[in-house]
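Asks: Start from the sequences and build out the full structure, keeping to the hints where you can.
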Amino acid sequence: MSGGHEQPFDRAIVSLESRENAPNEGAEYIRFEKLLGEEVRRLCPHWLWNHREDIVQEGVITLLKVKRKREANWRPNRSYLRDVAYTRIVDAMRKHRPQEVAMAPADFDPPSAGPDPHREHLRREIIEAVRECLSQLVKPRRLAVTLFLLGDGVPRIAERMNWTRRKASNLVYRGLANMRDCLTRKGLKP
Amino acid sequence: MKLENDEVSRLSQAFRSRLPSDAPRSDCPPPEHILKGVRQELSRQDLSGLVLHVAQCPLCTQSWKLAEELTPDASISMASAPVLSRPGLRRHFVGAIAAAILLTALSVGLYRTGVFFPVQAPGQVGTSRSVEKLKLELLIAADPLPRDNFLLTWTEFSDASYDVEVYRSNDVTAISQARGLNVAEYRVPQESLAGLPTGTNLQVFVEVHVPGIGAVTSGTFTVRVR
Numbered sequence: 000m001s002g003g004h005e006q007p008f009d010r011a012i013v014s015l016e017s018r019e020n021a022p023n024e025g026a027e028y029i030r031f032e033k034l035l036g037e038e039v040r041r042l043c044p045h046w047l048w049n050h051r052e053d054i055v056q057e058g059v060i061t062l063l064k065v066k067r068k069r070e071a072n073w074r075p076n077r078s079y080l081r082d083v084a085y086t087r088i089v090d091a092m093r094k095h096r097p098q099e100v101a102m103a104p105a106d107f108d109p110p111s112a113g114p115d116p117h118r119e120h121l122r123r124e125i126i127e128a129v130r131e132c133l134s135q136l137v138k139p140r141r142l143a144v145t146l147f148l149l150g151d152g153v154p155r156i157a158e159r160m161n162w163t164r165r166k167a168s169n170l171v172y173r174g175l176a177n178m179r180d181c182l183t184r185k186g187l188k189p
Numbered sequence: 000m001k002l003e004n005d006e007v008s009r010l011s012q013a014f015r016s017r018l019p020s021d022a023p024r025s026d027c028p029p030p031e032h033i034l035k036g037v038r039q040e041l042s043r044q045d046l047s048g049l050v051l052h053v054a055q056c057p058l059c060t061q062s063w064k065l066a067e068e069l070t071p072d073a074s075i076s077m078a079s080a081p082v083l084s085r086p087g088l089r090r091h092f093v094g095a096i097a098a099a100i101l102l103t104a105l106s107v108g109l110y111r112t113g114v115f116f117p118v119q120a121p122g123q124v125g126t127s128r129s130v131e132k133l134k135l136e137l138l139i140a141a142d143p144l145p146r147d148n149f150l151l152t153w154t155e156f157s158d159a160s161y162d163v164e165v166y167r168s169n170d171v172t173a174i175s176q177a178r179g180l181n182v183a184e185y186r187v188p189q190e191s192l193a194g195l196p197t198g199t200n201l202q203v204f205v206e207v208h209v210p211g212i213g214a215v216t217s218g219t220f221t222v223r224v225r
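Heads up: the protein sequence lines correspond to chains A and B, in order.
Going left to right, the first sequence walks through residues 0 to 189 as numbering that gives the first Met the number 0 numbers them.
Going left to right, the second sequence walks through residues 0 to 225 as numbering that gives the first Met the number 0 numbers them.
Keep in mind that the hints were calculated from the coordinates and are not lab data.
Note that the Cβ used here is the ideal one computed from N, Cα and C, for glycine as well.
Take the hints with a grain of salt, since some may be wrong.
Sample of chain B residues facing chain A (criterion: CB under 10 Å; computed from the structure) [said to hold, decoys possible]:
hint: 1; residue: Arg9
hint: 2; residue: Ser11
hint: 3; residue: Asp26
hint: 4; residue: Cys27
hint: 5; residue: Gly36
hint: 6; residue: Gln39
hint: 7; residue: Ala54
hint: 8; residue: Gln61
hint: 9; residue: Glu68
hint: 10; residue: Leu69
hint: 11; residue: Phe156
hint: 12; residue: Thr172
hint: 13; residue: Val203
hint: 14; residue: Ser217
hint: 15; residue: Phe220
hint: 16; residue: Val224
Here are the simulated distance ranges between beta carbons [said to hold, decoys possible]:
hint: 17; chain 1: B; residue 1: Pro188; chain 2: A; residue 2: Arg74; range: 49 to 57 Å
hint: 18; chain 1: A; residue 1: Arg40; chain 2: B; residue 2: Gln176; range: 40 to 48 Å
hint: 19; chain 1: A; residue 1: His95; chain 2: B; residue 2: Leu51; range: 21 to 29 Å
hint: 20; chain 1: B; residue 1: Gly198; chain 2: A; residue 2: Arg74; range: 48 to 56 Å
Replies: This is the structure:
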C-alpha cells in the first residue's frame, strides 16, 4: 500500500476530525467513502490501483470539509463526486510514478520490435522523439496537433479554438506532416 | 506527406504515454483548471496556454484524457448562449434541455430495436454511459461499411436538419459533406470513396440543428471502408 507510515496517521486525523466536529460524521464518512470509492475505482488508472484507498480517503476529507460549510442535509451529486475523485486522482498521479512505461507494448512497437533487450529503450526513444517534434511545431499547429492526438476531431478542435473548420483541418494536416518529417529526420518511422 | 491510420494511432499512443522518469512540472495547472479546459469553460487564451502546457507535460496529458472521461462527448451549443440571462430566453434553455433528453430517449429507443448498432466515439466504452452523457449516436448496419452502400444513419431528432462531414482519419482530408439534410441519414457518394484502400478509417461528424433551440454536435465517430 502507498504512503508507507503516513497512511495510518492520515486515517487517525480523519477519525479525530470526525469525532470532534460532529457525532454523525462517522456515518457520513462511511457513506462518502462508499460513494467516492465507486468513482475512484471507475476512474483510477491501473498503475495507481495500489493507492486508491489513499485517494478515496483524501477525497472523503474534501467532502467532509465541504459539507461542514454547507447545509446539514447537503449531499454531493454524482457529478460532484466525480470531480472530487478526478482531482484527487490527478494529485496522486503527480505524487506517484508508474513503475513501468504506462503503455501497452502491443500498441506501439518500434519497427524492429521483438523480444530483444533494446525494445524498451527504443520505445522510450520514440516517445521522447514525439514530444520533441511536437514542441518544434509553430504554436497554432502545436495546438491543433496536440488536440488531435488527444482524440479531438476537426470540428471539436475548431470549436475549442474558435477557428473555422477549414483552418483547423489545415493546421492538423500540416502539423502532422511536420511531425512525420521531424521523426524521419531522427531516423524513426511513425 | 500523409500519415497512415496506424501511424496516427501510434503517434497518439506515444504522445499519451508516460515514462517512469516523467516528473510533475512546477508549473502544472491545478486539476480543476484542466477540467475547465476540457469542458470549454476557459477563455481561448487560457485554453491555448493549457493545451501548450499539455503538449509538453505527459502527466497533464493523462490528466486531460481522464477529464474527458468525466465530460459529455456531445456538446449542446446554443447560438443564443451569451444572452441566456435575458428572462425571455430562459424557455429556450429549458427547451434545449428537453430536446437533449428527447434526443437521448430516441437514442435508447433506436438502439433497443436491434436494427442498428451504435458506433462509439473514441474513448467511450458503453451505451449506458453515452446515454448518460446525452450523446448523439451514429447508427450503422455494419463496420466496415461497403463503399457501394456507405450509408450513415444517426439518432433522429424531431423537426431537425442535419449537417454531416466525413474526413479521412489519417490526414483529416475532407471526403464528403452535406448540409441541411432533412433525414437522419447520409449515403457517402461511391465516387468519394473510390480511391480509398479497404480498411481506411473515416471520421464522421454530425451536427443536428433544431429550429429555435440550437445545435447538438456529435463526437468523433470512426467507420471503416470495405
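Asks: All the hints need checking, so say for each whether the structure fits it.
Replies: Evaluation of the provided hints:
1. Arg9: Holds, about 5 Å.
2. Ser11: It holds, given that the least Cβ distance between B/Ser11 and chain A is near 5 Å, below 10 Å.
3. Asp26: 12 Å, violated
4. Cys27: 7 Å, holds
5. Gly36: 9 Å, holds
6. Gln39: 6 Å, holds
7. Ala54: 4 Å, holds
8. Gln61: 6 Å, holds
9. Glu68: 6 Å, holds
10. Leu69: Interface hint status for B/Leu69: holds (5 Å vs cutoff 10 Å).
11. Phe156: 18 Å, violated
12. Thr172: Constraint on B/Thr172 satisfied, holds at 7 Å.
13. Val203: 9 Å, holds
14. Ser217: 9 Å, holds
15. Phe220: At 9 Å from the nearest chain A Cβ, B/Phe220 passes the 10 Å test, so the hint holds.
16. Val224: With a minimum Cβ separation of about 17 Å from chain A (threshold 10 Å), the hint on B/Val224 is violated.
17. B/Pro188 - A/Arg74: 49 to 57 Å: For A/Arg74 against B/Pro188, whose Cβ atoms are near 54 Å apart, the range 49 to 57 Å holds.
18. A/Arg40 - B/Gln176: 40 to 48 Å: 42 Å, holds
19. A/His95 - B/Leu51: 21 to 29 Å: 25 Å, holds
20. B/Gly198 - A/Arg74: 48 to 56 Å: 50 Å, holds
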